[in-house]
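Student: The residues making up each chain are set out below.
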Amino acid sequence: MSKKKIWMLGLFFMFALLPQTTFAMHIMEGFLPAKWCIAWGVFTIPFVLVGFLSIQKTVKEHPKTKMLLAMAGAFAFVLSALKIPSVTGSCSHPTGVGLGAILFGPTAMSVLGLIVLLFQAILLAHGGLTTLGANTFSMAVVGPLVSFVTYKIVKRANGPQWLAVFLAAALGDILTYTATSIQLALAFPAETGGFMASMVKFMSIFAITQIPLAVSEGILTVLIFNAIKAYGKDELKDLKMFSKEV
Amino acid sequence: MIYIDKYAYISKLKHQDPIYKLVFCMMTLGVCLWANSIIISIIALLIMGWHTVCKGGIPCAIFMKLMIIPMSFLAIGVLTVGINVSDKKDIFLFYISVFDINAGVTQSGIQNAAHLFFKALGAVSCLYYLSLNTPMVDILQALGRLRVPKLFIELMSLIYRFIFVLLETVEMMLTAQKSRMGYSGISSGYRSLAALASTLFIRAYKRSDELYTSLEARGYDGELNALHESYKKGWIQYTSPITVNLILIAMTLIIRHFTGGLM
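Residue numbers (the numbering used here), protein chains in the order written: chain A, 40 to 285; chain B, 368 to 630.
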């Protein structure tokens, strides 16, 4: 085999094996340089603070919501440990970003997301302590905000509910990965072409693996949401305390 | 499903002050990130591995197995950082070209990738030192002593408790679905998973409702109180992590001086 063929074979295997990596969206411990760990941590603080204050207010008015919030957090953690059958044939884990944002609103999600990510780092070794800020920013701030805004826009334009849920979940997923790619690209600009080239590199890897996953998560979220709506009307009413309207 | 947690409760270092473990972990993590050196990262890995395996009594095989978990992310990340794209060919050590674009590896690319690889491994070992030797309850208590807001810690401890309750429910439902061929194809898989997640959500909701009722019946007024283990106090116990990290910093400076950041 010529050298070129070996390389092509190697690349083929690399991409063939890629989609099986699960939890690829959590930046692992120690991967980001110290200054970016601090920077993303600082960017995340205001969002978490706003979320925390709003939770504090809600809990003071309705003490029962504390248990509900805790259940929501545990639900998000357990959901992310499930496997979705993906369109490409491999399995992946749902992020639960879209569902959480629609059910509990983006403010509560920032705090719950932070806690869930901390547990994932300590209990499952997915993500890390130093990269907690960066991961929280992409998965608990950007993702839920995008999902929530998408959901609202489609609803306001009188789009069907399933489309709103699907787009919210899929876009929330994709934007989460985009945010992660930007974080990685900023930390590791390419030698040739700088930030943009590096961004293209990370994005293309994420796009290959994550777009099918985003679609599967969108479909799954629609199914889950419909089932919850059919069987849990009363529960949904109570959740309005967090996101005003569902 | 979550075996890290199980080992944390049987670790011999369980009764050590959690703040001590937190400080040791974070300090070494910080030095590892700052040093960005292959040698220092390997030393950190050995120190943390020794503490966990020899002093904590965690089986070595488990520690090794855990080190493999982040490998997939690490491999992809390191490859992406190492491989560059350019239209010039002469900067690469070796490369392949597709049409007019050349993708290849430069010398500094390899260096960065190697540094990154070992740095991440060293950092992950620090994380494992903490999570394999400290039960979550102790970490939460330590956070409380560090003045993290009460509501936050309470949410965390409730979530921690609920995770296991829900995981048990999920496992039961998964077994039931699988034994009825619930995941035999893609479409049935989606249907089963949606049923599982929505049922789980409604069950979780009901559980939280019941929990609140039962707590209120026992005089709950917004705070869950529990007695905590008492630990040896004093600053003397912090001398060993500080010394270890000072030695690491000194070694980094020496290595930098002699190799110019190569190792």
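Keep in mind that a hint or two might mislead.
[Said to hold, decoys possible] Taking beta-carbon pairs under 7 Å as the criterion, some of the chain A residues facing chain B (in silico):
{"hint": "1", "residue": "Met67"}
{"hint": "2", "residue": "Val89"}
{"hint": "3", "residue": "Gly167"}
[Said to hold, decoys possible] Here are a few chain A residues that face chain B, going by a calculated C-beta distance under 10 Å:
{"hint": "4", "residue": "Met64"}
{"hint": "5", "residue": "Phe91"}
{"hint": "6", "residue": "Pro102"}
{"hint": "7", "residue": "Phe116"}
{"hint": "8", "residue": "Leu153"}
{"hint": "9", "residue": "Asn197"}
{"hint": "10", "residue": "Gly198"}
{"hint": "11", "residue": "Trp201"}
{"hint": "12", "residue": "Leu202"}
{"hint": "13", "residue": "Asn265"}
{"hint": "14", "residue": "Ala266"}
{"hint": "15", "residue": "Glu274"}
It is worth saying that the hints were derived from the structure and are not from the lab.
For every residue, glycine included, the Cβ atom is placed at its ideal position computed from N, Cα and C.
Student: Please go over all the hints and tell whether each is borne out by the structure.
Tutor: Cross-check of the supplied hints:
no.: 1; hint: Met67; verdict: holds (4 Å)
no.: 2; hint: Val89; verdict: violated (14 Å)
no.: 3; hint: Gly167; verdict: holds (6 Å)
no.: 4; hint: Met64; verdict: holds (9 Å)
no.: 5; hint: Phe91; verdict: holds (7 Å)
no.: 6; hint: Pro102; verdict: holds (6 Å)
no.: 7; hint: Phe116; verdict: holds (5 Å)
no.: 8; hint: Leu153; verdict: holds (9 Å)
no.: 9; hint: Asn197; verdict: violated (25 Å)
no.: 10; hint: Gly198; verdict: violated (21 Å)
no.: 11; hint: Trp201; verdict: violated (13 Å)
no.: 12; hint: Leu202; verdict: violated (17 Å)
no.: 13; hint: Asn265; verdict: holds (8 Å)
no.: 14; hint: Ala266; verdict: holds (3 Å)
no.: 15; hint: Glu274; verdict: holds (5 Å)
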